[in-house]
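Numbering-wise, the numbering used here comes out as the position in the sequence shown, counting from 1, plus 951.
Take these hints with a grain of salt, some might be off.
[Said to hold, decoys possible] Restricting the straight-line Cα-Cα distance to at most 27 Å, the calculated cross-link-like pairs of lysine-lysine (DSSO-like) are:
(1) K996 with K1149
(2) K970 with K991
(3) K970 with K996
(4) K1149 with K991
(5) K1149 with K970
By construction, these hints were calculated from the structure, which means they are not laboratory data.
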Amino acid sequence: MAATLLLSVQDAAISFGDKHLFEDLSFNIHEGNRICLVGKNGAGKTTLMNIITGTRDLDAGLRWQLQGITIGHLQQEITPHAGQTVYDFVFSGMAQDADRDANAYKVEQVLEPLHLDINQPMTELSGGQLRRAALAHALVLSPDILLLDEPTNHLDLEAIVWLENYLLNYPGSIIVVSHDREFLNTCTNRIAYINNHKIDTYQGNYDDFEQARAERLM
C-alpha cells in the first residue's frame, strides 16, 4: 500500500531579484519519509523549508498539502518572556483540548534527556539551553511533518543518541539539515539534494548518497 501524500510542490519557481534560486522545482513528502536535505551554502535549504511550512510564497508553481495535517519546525530564534518557565514554553502550542496530564508527562520525558529543568525561568537559560528548549518544543508538538535544522547543535553524545532513538520511532515525517554525518546515517533513509535550482532525490542514508553521487560523476 502506497504511503499517503502529505505535501507536494510542483513546477515551482523562486527568485530574489535577478537571482533564480529555484526553477521547475518539484518534490513530494509522503507519510513516514525520513529525508535529509543537502545542498551547498546558499543553495536554498532555508528557503525550501519555508516553502514547506508555507511561510514563503512561490513566484510560480503549485504548493499543496493534505487537509488537516500539521507542520512544525525547530525554532532558530527564541525571545524568552519574563515569568515563563521551561515547562511553560515547551507546553505552549499544545492542543488545549488534549489530556493535560498526558501532555505534561510527554513534556517531562523530553526535557529530562535534554538536561533541562522544567522549573527554570527561560530568561536564565544560556544560548545552548534555549536551543535545547526549542528542540523539546518542536518534538512534543508531534507535527505530521517535522523540520529540524541542525538539531544536534548543543547536544552531548548521550542526548544525540536519545534523539536518534526518538526520531526512529517518530510517527510523522521528518526533514533534517545537519552536518552530523553519523546522525544522518542513523535517522534518514532518503536524500533531497538541491542542485542546479532543482532537487535530486536518492534512496538510502548519507553514505549511500555520497557513494551514488561519486559513481554518477565517474
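Hints versus structure:
1. Distance check on the hinted pair: K996 and K1149 sit about 11 Å apart at the alpha-carbon level, within 27 Å; holds.
2. Simply put, K970 and K991 have alpha-carbon atoms about 16 Å apart, close enough for the 27 Å limit, and the pair holds.
3. Pair hint K970 plus K996 holds up; C-alpha atoms about 15 Å apart against a cutoff of 27 Å.
4. About 13 Å separates the Cα atoms of K1149 and K991, which keeps this hinted pair within 27 Å; it holds.
5. Taking the CA atoms of K1149 and K970, the gap is about 14 Å. The hint holds against a cut of 27 Å.
Checked against the numbered hints given earlier, the structure satisfies every one of them.
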